[in-house]
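Visitor: Using the hints, position chain B against chain A.
Chains A and B supply the protein sequences, listed in that same order. Take 0 as the starting number for the first sequence in numbering that gives the first Met the number 0 and just add one per residue. Take 0 as the starting number for the second sequence in numbering that gives the first Met the number 0 and just add one per residue.
Keep in mind that the hints are not guaranteed to be accurate.
You can't tell identical chains apart in this list, so a pair holds if it fits in one copy or across any two.
Stated by the list, open to error - Pairs of lysine-lysine, DSBU-like flavour, derived with a Cα cap of 30 Å:
no., residue 1, residue 2
1, Lys122, Lys51
2, Lys143, Lys76
3, Lys17, Lys202
4, Lys10, Lys202
5, Lys122, Lys10
6, Lys202, Lys76
7, Lys76, Lys194
8, Lys52, Lys122
9, Lys202, Lys39
10, Lys17, Lys76
These are calculated hints, taken from the structure and not from any lab test.
There are 2 protein chains.
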Amino acid sequence: MYGKFLVEGDKPVRELLKSNFTIDTIYSINTWQMTVGNSKPNQVIVTEEQLKKISTHENPNQALAVVDIPVTHNSFKNITSLNIVCDNLNDPGNAGSIIRIADWFGIENVFFSETSVDIYNPKTVSAAKGSLFRVKCIYTDLKKLFNENQSIIVYGTFMEGESIFTSNLGENAFILIGNEANGISDELLPFVNQKLGIPSFGKAESLNAAVATGIVVSEFKRRLTSL
Amino acid sequence: MYGKFLVEGDKPVRELLKSNFTIDTIYSINTWQMTVGNSKPNQVIVTEEQLKKISTHENPNQALAVVDIPVTHNSFKNITSLNIVCDNLNDPGNAGSIIRIADWFGIENVFFSETSVDIYNPKTVSAAKGSLFRVKCIYTDLKKLFNENQSIIVYGTFMEGESIFTSNLGENAFILIGNEANGISDELLPFVNQKLGIPSFGKAESLNAAVATGIVVSEFKRRLTSL
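So here's chain A without its partners, still in its complex pose (with noise of 0.2 Å):
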């Protein structure tokens, strides 16, 4: 199935129909299909025993659906606003919750470098609930991207930056997450124009990446709606 991922379940299934992802077929059960009507194309019809064969899941929900992985440009020029940006992000269920991150707090674009994690892999579908149909997620080469942006400042989050209560943070801005276990990776410190962490009180050596995203963004957007 290259070039295509599974979306999964009638939620899922349902925000997809809202996107402008192109769709391959969806498979539902009948009665889904007569809340959903039939006005899409390729929709094919199967009982619940055939739906739980080719779904991923143990208790499957109604509907599947086979979509085209959507082709990204790969030059990015005039980028503006926030943005994050993962740098060898590895854990599925982090990069979906880092979707819902963006889509929450009305960030555009998500970048991702090209040794990160797969995001159409089903874990990543399902943890993103809807907001991968709803933000843009770029695979690209970091380096490039930053050298082409070289006006947008790039925050790189450290377990010891200077702190972001007290930081400046602009409102154009690269919000770079680092790997789980090692961090930035070495080739792109030197893009990095501040370093940036979250302040510690305790004894824990880090916290989760999407956590640490979420209060990262968070605290650029309450800067940004106090202005």
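Guide: Just chain B now, kept in the frame of chain A:
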């Protein structure tokens, strides 16, 4: 293995050794024990092959400990400071991330309703990193907890609560997190003194529960440190 749980891997077991948890047995390969010393009771040397057989991991990492689940009292009076309270939390990864958040922000207690996920399952232990050994995690009747501590404000997190950016936030608080799908349960709603929400700027229906917890706790700490 009633009343026991597993801690797996080099680093987690080292963190465990620094805690007050009661260790039943540590199974490790010889080279691991040599670096740690054999002053601890009940150390059993095993081969990598044997470790693989008793581990829940596909590639176990040098050591595995069988640990007593700590017994906690069921009466909590005179609670102060910030506390996280999880109502019917369902996802083991979220539970681990939330315990890590507590450890990062120096929050002593995380309370769980008795209907919440078992935090001593391998996924939560893994997601919590060493934080499970440092944060006091307590299963209890949340209604009783709130009744016994009526002077502490219960801040409930809701999709459409009052913005955390502008709400009054106290320094003694129960930060109440609801179930991933259903939010705070009906029976706890009467205990909520103040409804908090994370401002939304996009279209996501919700945030991941651990991400939301991190954002809310971070904002509480930011306010306290800027007093």
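Visitor: List in ascending order the numbers of the hints, as given earlier, that are violated by the structure.
Guide: none
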